[in-house]
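Q: This is what each chain is made of:
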Amino acid sequence: MHIRLASVMVDDQEKALRFYTDVLGFRTNKDFPVGEYRWITVISPEGPGDVELALEPNAHPAAKTFQQTMFSQGIPLAAFEVDDLPAEFARLSARRVVFTKPPTPAGPVMVAVFADTCGNLIQLYQRT
Amino acid sequence: MLLRHEGFRRLCLARERLQDLDDPAPAIEQLARDVGISPYHFIRQFEAVFGVTPHQYRIQARLDRAKALLATRERSVTDVCMEVGFSSVGSFSALFARRFGEAPSAFRRRVRLHDLTPGCLSLMGDQPDRSFREA
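Protein chains in written order, with the numbering used here: chain C, 1 to 128; chain X, 1001 to 1135.
For reference, chain X alone in the conformation it holds in the complex (with noise of 0.2 Å):
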């Protein structure tokens, strides 16, 4: 599929409307409007350049606002949970960690052990050489 320089901008606009957790959720319906095309063509498309549909999409900026809320602030989980606007601890919990790997609560307790997590190539430089070289 080719998408041309206006379509793929209001896409990309479309997009970071999802992303805003300030606002309400926006509609798809509207955001179909606003790009131009069907809601059927935007979910399609939308899932076709970012990997995911747009509800798939404001789901997980929802838990990466959560991650980032875990990580750095003194906020239980039932607190954040309730911040991103899941209105239960677990399917929150459970979404958590689907995308993530581990549920919120022991992120949680991971993050105040440690610092974050650095980016993968330096974290390349701690693994032992033999990891490195065998994998």
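Looking at chain C on its own, in the form it has when it is part of the complex (with noise of 0.2 Å):
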């Protein structure tokens, strides 16, 4: 058994694309229409290869009700590890990215948060 998927949820599929590929710069995996929406997997170029993000879309109203709760109690709802987070920082920040939390030690690692502009906040931790 792997765990070799995980997902986010996003309030526009297409502008979650843009985002994650343009601005945090994963890869397109895999793109597909399924029924009214698309099945949309993005890879990180700094690897694992074998892993994947899906970009899933919030239709059901719970779900949206679930993520904007989330997002106004400032909860990041996924987590990626980066080497160097003050880097990352100033790298996105450049790129108009908006943090609501700047790296902030914490205990074992080091961590920061940000809207993904589709409804999330996630954070980025750096082992310390």
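One or more hints might be untrue.
[As the list claims (entries may be wrong)] Within a straight-line C-alpha distance of at most 25 Å, the following computed SDA-like cross-link-like pairs (lysine to any residue) qualify:
no., chain 1, residue 1, chain 2, residue 2
1, C, K15, C, T28
2, C, K30, C, Q123
3, C, K15, X, L1021
4, C, K64, X, P1026
5, C, K64, X, L1063
6, C, K64, X, L1013
7, C, K64, X, A1061
8, C, K15, X, R1009
9, C, K64, X, I1059
10, C, K64, X, L1021
11, C, K64, X, I1028
12, C, K64, C, V23
13, C, K30, X, F1100
14, C, K64, X, Y1057
15, C, K64, X, E1016
16, C, K15, X, I1059
17, C, K15, X, V1084
18, C, K15, X, A1061
Source of the hints: derived by calculation from the structure; they are not laboratory data.
Can you join these two chains into the complex? Each is in its own frame, and there are hints to help.
A: The following block contains the structure:
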């Protein structure tokens, strides 16, 4: 049994694909239509190459409510690991990404939190 | 850009007000005042956080409500169009099609034939193995 697929709910799949590739720098791995939506996954060019992140539509009203409540309360719905958090913070800030928490020491890691423009807060962490 | 706690909280409140279709659309100037920044910065900040401008967000909220109404109730497209506050069926249909990829009438027909589309992960299970592996 392997964990190779994780997902984040997004309020607009096309917008999400642009943000997760153009801004964050992930690569499109799969993108094909499924009914009125698309099955979209991205992978990190830094690897591992067999772990995908699906950009899932938050079409269900309950999903919207959940996503919005977590967002408003400042709770991240996904976390990505980075090697150099201050550098990522600077890189993404230059791309107009809005952070709600700057790089901050938190026990064995340093964390920062940004808005993904699709309804989620995402945490970045660097092991220290 | 770094948005500290209070600024973030106020921006989330502004979003909730834009989403509340039972109230008349709040003026951008008023929303910006409540957040405590200029209208120009409010629009820019809102877009950087939510990916669309406040105006676009309001339209999306109306289209989402229209979609829910079309899916769940025995209502005509014209009725739904009026209910969510569009005065022209033509522009309503065009905006709806741009957001959801099909005209409201086509959507209404389709959801009557099938149940509402489930989430993507469950949809994936219905795909032939071939599409999923080779796409």
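Q: Next, verify each hint and record whether it holds.
A: Hints, verified against the model:
no., hint, result
1, K15(C) x T28(C), "holds, 13 Å"
2, K30(C) x Q123(C), "holds, 24 Å"
3, K15(C) x L1021(X), "holds, 24 Å"
4, K64(C) x P1026(X), "holds, 22 Å"
5, K64(C) x L1063(X), "holds, 14 Å"
6, K64(C) x L1013(X), "holds, 16 Å"
7, K64(C) x A1061(X), "holds, 11 Å"
8, K15(C) x R1009(X), "holds, 23 Å"
9, K64(C) x I1059(X), "holds, 16 Å"
10, K64(C) x L1021(X), "holds, 16 Å"
11, K64(C) x I1028(X), "holds, 24 Å"
12, K64(C) x V23(C), "holds, 23 Å"
13, K30(C) x F1100(X), "holds, 20 Å"
14, K64(C) x Y1057(X), "holds, 14 Å"
15, K64(C) x E1016(X), "holds, 12 Å"
16, K15(C) x I1059(X), "holds, 16 Å"
17, K15(C) x V1084(X), "holds, 24 Å"
18, K15(C) x A1061(X), "holds, 16 Å"
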